[in-house]
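With chain E fixed as given, assemble chains U and S onto it according to the hints.
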Amino acid sequence: MTDPIPITVTVNGAEVAAEVPPRLLLSDFLRRHAGLTGTHVGCEHGVCGACTILLDGEPQRACLVFAVQADGARITTVEGLADPDGALHPVQRAFHEAHGMQCGFCTPGFLMTTVALLERTPEPTEEELLDALAGNLCRCTGYRNIVAAARRAQQALAAGAGVPAAAGAEGRGDGEA
Amino acid sequence: MARREPLVGRSVPRVEDERLLRGQGRYVDDIHPPGCLEAAFLRSDQAHARIVAIDVEAARRAPGVVAVHTGAELAEHLEPMVFQIARIVPPPVAESTGATSRVHPMPAIPADRVTYVGQPLAVVVAEDRYLAEDALELIDVELEPLPAVVDPEAALEPGAPLVEPTWEDNGALRYRFVRGDPEAAFAQADVVIEETFRSHRHIASPIETRGVVASPDPHDGRLAVWSSTQTPHQLRDFLAGALRRAPDTLHVRAPDVGGGFGPKGAIYPEELVIPFVAARLGRPVKWIEDRSEHFSATTHGREQVHRIALAADRDGRILALRDRIVHNCGAYNTLGLVVPYNSLTHLVGMYDIPAVDVELRAAVTNTGVTAPYRGAGRPEAVFAMERAIDRLARALEMDPADLRERNAIPPSALPYRTGMIYRDGTEQTYDSGDFPALLRAARELVADEDWAARAGAGRRVGIGYAAYVEGTGVGPFESASATVLPSGRVRIATGAASQGQSHRTTLGQIAADALGLPLEAIEVVGGDTDAIAVGFGTLASRSLVVGGNAVAAACAQLREQIDGAARLLGIEPDEDGALPLARIAGALTPFNPRRPAGAPTRLHAEALHHPGPVTYAAGVHAAVVAVDPRTGQVELLRYGIAHDCGRPVNPAIADGQVVGGTMQGIGGALLEELVYDEDGQLRTGSFMDYLLPTAGEMPDFRLAHVDVPSPLNPLGVKGLGEGGAIGPMAAIANAVEAALAEHGVVVRSCPLTPARVRELIRSASPVATATTQEGP
Amino acid sequence: MKPAPFAYHAPAQLPELLELLADDLSDVRVIAGGQSLVPMMNFRLAAPEVLVDLRRVPELRGLRWAPDGALTVGAAVTQAQLLRDRRACDAFPVLAEGIRHIGHPQIRSRGTVCGSLAHHDPHAELPALALALDARMTVASAQGVREVPADDFFVSYYEVALEPGELLTAVTFPAQPADAGWAFRELARRRGDFALVGAVAGMRAVGGAAAGTRLVLFGVGDRPRRIAAVEQLLDGAAPAERLGEVPALVVAAIDPVSDLHASAEYRREVAGELAVAALAEAWERARGRGEDQR
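Residue numbers (the working numbering), protein chains in the order written: chain E, 29 to 205; chain U, 475 to 1250; chain S, 64 to 357.
If we strip away everything but chain E, and leave its shape as in the complex, we get:
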């Protein structure tokens, strides 16, 4: 039973079917089998958050999920945030406008965390905002512009900035396993 197990995972709206060893981490599945290298691996022990994705609408660390556990799940990665026609998600635009990135390695994880936060809590308190963002590590920016970007995104979304159809709309899970 360490033999490969067939799984089907919906990633950014598209089905990805593969036979995978049980121990294959979801982060590796997304990067190799789904060919989506935007989800980055920074620590493989659940602290840095670079691998944050949305799994059934909830922000989770892909390095702490086995791909076999994600069979049947709906996953959104950073590649799924922009419009099919290319328009950036308001959170992506906000990070650009606020100079919220330098090397860019932690950025996809922060984008997913921020998207998840603002979907569930459109008007987060300072406490709620920091609680979410503190789950992702950045070593380049010192966080000031990342926090500013999240607030900027909050304002843009509140003002009715278009959220691309692909991202998040199907993501509002209620935590059922």
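Be aware that one or more of the hints could be misleading.
Coverage of chain E stretches by chain S, computed from C-beta distances (three or more under 8 Å per stretch; other residues unrestricted) [stated by the list, open to error]:
| # | region |
| --- | --- |
| 1 | 73-87 |
| 2 | 104-118 |
| 3 | 139-145 |
| 4 | 149-163 |
By construction, these hints were calculated from the structure, which means they are not laboratory data. Source: prediction; values computed, not measured. C-beta atoms are modelled at their ideal positions from N, C-alpha and C, and glycine is treated no differently.
Below, chains U and S alone, put in the same frame as chain E:
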């Protein structure tokens, strides 16, 4: 060319962002040539041991394994690694300080002995990383433990266990600088303070670990190497020598790099072994460092002990400085003076001190190799000096900020010679800057609030400062080329590489202004040894200074070529002054029958910028802390940074660099510590143990700019990649000590964890450490 | 840091799951949220041969309310799920307050309540909360079901009263008096980190005196500690008169150790202060709730 507002000096949005936001970056692990194998390294779990036996046969037969090599096998093909820079002691430096540095070859994988936990013992190459790690568990290693030495002072004691058995002791490097008559000054001073300050071991910990992909091309025999490196050209040159092949048969690229901060500027065993193995196998091989390896296998920084003394008169004029420094090289002295010498040249800082006596001894120990980490010897020195300043202020009963202003070198005294020789062999000269203005600006950043009220009952408030200067833009050179492409766009290639510094934007701004083009018409390629043949790389706060000026020079030349070609072709600029570059480039091709005789076939210029002496950036940090004496918790209420970067090319990007560096420094002051036990076992091996600051620890940052353009380069720029990281340890230690003044606490090291702060309070005594002497 | 190979099962029925756990020839482990287990597997500090995923078993999902107000939390319920349940947060505010200190949303969205209890890191919030709230653990195996009081469940570091083949299938929090006031305090290095030291305190206000006082400290030894001596000291008295004596009793009752993050001495020093702060806040809330009841 086109008339428009200059881009340099404006916070133009970054050109890098779009693809990175979409997850379309290409970091080294995103590069996976067809058929690429993956490697894993077996690493020593002993700090010092003789390799008795190593049996890899079971590993070789493991599923998916293609090759396994031990150090003994590799020694037949690969010489121990020696870096040119370690050999260099410029004659003026030797003359000024008697500096000596032992060359210390480092085997890529040792055959006989291991000297630090994490040192490679063998490499496994397999179909994927999972299988490679399985095979590691099948390798049978017999290690005979040897006595280990961890503390650098202990390593320098007679009789200490030898880290390098061919040496008679563990002393890797030393220097001593004396100016004026420090002995007399100390004897005659009204006040003398003497303290021991320890800068602890840090890691840079970029969010992307290291990695190498090497891929031999069967068609042309070249070897392509991608490495998460700051110095691809240096890596190419090193590999050419080590693999005994012509440099042009190597194509080394730094792809997108997820943070460097210094450690990725070193050259590592894995960067030699993986290309070697790939060439030997004739197949692409990848090695991606995992986070667990990173703690021991990527270089560390900042560990120094300073026994420092200041002598002053009763009015607060500093008369003399004496410092005895012990520096920990880790297991190999790979880079010689690079870091330890910065501690000398950045100790005096912005103060005018008549007599100076500084001696440094560096020891090898059975710990991870140390190398530059953002600041590279400066944070350690500034910690000692700025702490000493505050101790002196206390002894003099003077405000520490006033004491700094009392001794600050005024602008009228610049250019100011410290009497020291800089590491590049030139006379150390502060070329420009307004240090008193920086001090005033920093004070103002924290002067506008009732801090005690903000902190609330039960918490003590303290304000601490740290002032520093920073030599930036060190040579020897940086390269740039500028080429008009058939599309009419201009490609800039440079030896500078980027790990988040936004060079594609800032160097693009410089090029755009020099050429009179919009930013969208410029593309910047860095970190590619095929794009430009020579280069130095990004480290030491130099790329904007040295690379930026190289870009400007190349573009100036290109502009002349373009104007000349336009005249030859009879092409006039339009009403905005713009020339149609695509049309000009098209008219110059050999295919054009109406090409004027003597016209160039392409528009291309190259330049190297050889800077003279370094140009001095400077800063003053001001930390406001609230300390709860009952729990020891320290909260940063505000963190002020007054900064001189000469002339910001892109203010938003410049501030981003400063804030980012400062946050790393804050991490070191309050949270981060790499810990070895006395047997050389690494106790901090994960992010659960080594705590990085998060957004939750971010203080209210306030920035003030006191920019004085550099007279030493045409752009007037100064480097700013490292400055932010230099001040925080000292500023926060000063602030905490000030907050706990009534307890008589003396802060001698960081991080100031809650438990350590409580310990300081518990063990404090009100006895002052100053000796007040009778004046003459 | 790739884990060692293992076989994986995700049964949809509880009996099947328990049968898989009963295999005593293989090294079998259960996985729920994986937030504690998977890091250990990635470091290869844990290398189970068989991993049994409990998240598809229907009986293990969901929150169930008993008529008397007790809340039963199934093994697959995530910390985030509990936080989102309005009734649970109203009935057990201290549970919600404590869970909010666990990591970050990305951890809580997958980490389970029971998983944290079964993992039993003594610096973690949930074991202390379970102890303070007198929780009962439902333990099942192929042989049957038994209930274990929290105090008997937590044995030592990463050690709980689960025999091989046994699974924590649910935790039940008994209904708390409506007029009880609770407080949760924690000292941590960073927001969301494990506690250096933590305290959970609860009591009712009857007349001007405390009643039914509970005090649990965590991060102070190899398991969370109920400080009975303090509970007895405060019951029947006005807390203001007695709080000064609390630190000494706390120090006498705990046995903290030194680790990378804090010394034993530090933990001893701050535990008393933290307990006093938590008790004082619980008292204030109890008085407020007592007034609400009238």
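Hints, one by one, checked against the model:
1. Here the region 73-87 of chain E counts 7 residues with a CB under 8 Å from a CB of chain S, which clears the bar of 3, and the coverage holds.
2. Residue count for the region 104-118 of chain E with a Cβ under 8 Å from a Cβ of chain S: 0. That is fewer than the three needed, and the coverage hint is violated.
3. A count of 3 residues in the region 139-145 of chain E with a Cβ less than 8 Å from any Cβ of chain S is obtained; the coverage claim is therefore met, three being the minimum.
4. Coverage of the region 149-163 of chain E by chain S holds. Counting CB-CB distances below 8 Å, 5 residues qualify, and the rule asks for three or more.
Hint 2 from the earlier list is the only one contradicted by this structure; the remaining hints agree with it.
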